[in-house]
Amino acid sequence: MTVSLSAPFSREALKKLKAGDRVLISGEIFSARDAAHKRMDEALDRGEELPFKLSGSAVYYMGPSPAVPGHPIGSAGPTTSSRMDRYTPRLLDLGLSAMIGKGKRSPEVHGAIVRNGAVYFAAVGGAGALLSERILSSEVIAYEDLGTEAIRRLTVRDFPCIVVIDSTGADLYETAPAQYRA
Amino acid sequence: MAVREINVSVLTEKVRELCISVNLRLSEDMTAGLKAARETEESEVGRSILAELEENLKVAENEKIPICQDTGMAVIFLEIGQDVHFTGGSIEEALEEGVRLGYTEGCLRKSVVRDPLIRENTKDNTPAIIHYSVVPGEKVRLTLAPKGFGSENMSRIFMLKPAEGVEGIKKAVLKAVEDAGPNACPPMVIGVGIGGDFEKCALMAKLALTRNISEPSPLPHIRALEEELLTEINKTGIGPGGLGGRNTALAVNINTFATHIAGLPLAVNICCHVNRHAALEL
Ligand code: SF4
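Chains as they are written, first to last, in the working numbering: chain A, 1 to 182; chain B, 1 to 282.
Since the hints were derived computationally from the structure, they do not count as laboratory data.
Taking lysine-lysine and the DSS-like style, the derived pairs with C-alpha atoms no more than 25 Å apart in a straight line are:
no., chain 1, residue 1, chain 2, residue 2
1, B, K235, B, K175
2, A, K38, B, K110
3, A, K38, B, K123
4, B, K161, B, K175
5, B, K110, B, K58
6, B, K14, B, K139
Treat the numbers as computed from the prediction; the structure is a model and nothing was measured.
From just these sequences and the hints, can you work out the full model?
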């Protein structure tokens with residue numbers, strides 16, 4: 001089943017998604033990876049505001065290659081999500097609604113997803129050129145000095161993802177390979 | 001015997017070109033491997049992921065957008081004939097300049113930090129990881145293999161005991177692949193080094209990734225092990241993207257070397273489907 005979703009998300013829309021559903025996301029999402037997560041975590045420690053509103057938002061674990069002239073962004077596929085695991089429960093508890101990345105998540109992130117009714121999506125790793133075509137615009141909104149690791153506001157249209165961990169905690173990375181294990 | 005002179009500026013130019021070309025286009029063995037995987041994949045999701053990967057390769061080549069945003073840390077193997085004399089400057093600086101130019105001009109991502117703890121980006125993707133070797137003759141062979149770290153992070157070294165034998169090797173390789181799962185962007189290519197010592201097995205595993213996936217080991221017992229491991233890996237069910245299926249790896253390439261009576265070193269260098277490598281002779 002393929003579902004069209006608009007970002008930022010409503011909790012109701014996310015609740016309806018089941019692990020294994022394919023989605024096409026349109027709207028605004030934010031890219032952040034290792035170094036940006038560390039900075040956001042430190043900002044929260046100091047009681048500061050984050051560069052974007054967490055509630056309803058999706059963070060995309062991605063650091064693009066530089067844009068080729070004539071394109072809004074370079075290659076832009078997902079990076080390994082588990083490196084963000086230690087920062088993620090805090091962000092989910094503060095309202096972050098969805099994450100897009102690749103790879104398994106920790107038990108702590110699982111717990112925080114269920115507790116908050118969030119969703120974890122996977123995009124196809126290593127398909128950064130193709131995915132870049134679904135990104136209409138990209139603007140650095142924070143931590144510009146981090147280069148590729150800066151936080152970007154991305155406008156996407158029909159950005160293809162698959163629901164890996166749904167709001168009930170069902171995990172496609174556990175269930176799907178089991179069906180093909182010989 | 002005459003000495004052949006080569007100006008190091010040739011190295012700069014060739015490295016520059018290779019950095020750009022390998023990030024835009026995979027070798028034919030890899031594209032054929034991906035196509036064969038799509039044709040045999042039983043999982044519907046797996047087939048659609050493999051189709052997207054093939055589509056991605058077309059977009060990359062046509063639009064000159066890197067296949068993957070992680071354009072890697074540049075790994076260079078330079079095999080130098082002992083009758084060659086390089087002129088015009090430092091070999092190392094020439095190679096680094098090639099990486100610098102390639103990654104800057106090719107709109108490739110700069111993914112290298114100067115110090116592993118301070119972590120400040122060098123902004124030009126240098127330094128590269130350079131391996132030199134000296135061989136007889138007057139030829140120079142340059143291999144470039146940029147490595148993404150989603151899969152590099154899942155690579156492992158096991159110092160096995162001789163008594164663990166082939167069974168121990170199989171168990172360890174399968175464990176590494178299972179642990180890698182979706183993180184390594186399957187379908188993967190598995191480079192394996194068996195024998196030597198701690199660093200030699202790691203180097204062999206990396207070099208194994210630069211061998212075409214359609215080219216088995218020339219040693220019959222190693223070739224049989226490559227085939228058996230591939231079959232076992234594809235029974236894990238991990239599949240394309242880690243979302244289930246029969247194509248978890250496209251190939252297992254093994255290199256071996258003599259080792260000590262007390263040891264059986266094993267390195268597993270995992271690569272994703274964006275297994276970039278190219279070689280040329282000067
Ligand atoms: S593991 Fe390979 S395909 Fe996946 S993001 Fe890294 S370089 Fe790209």
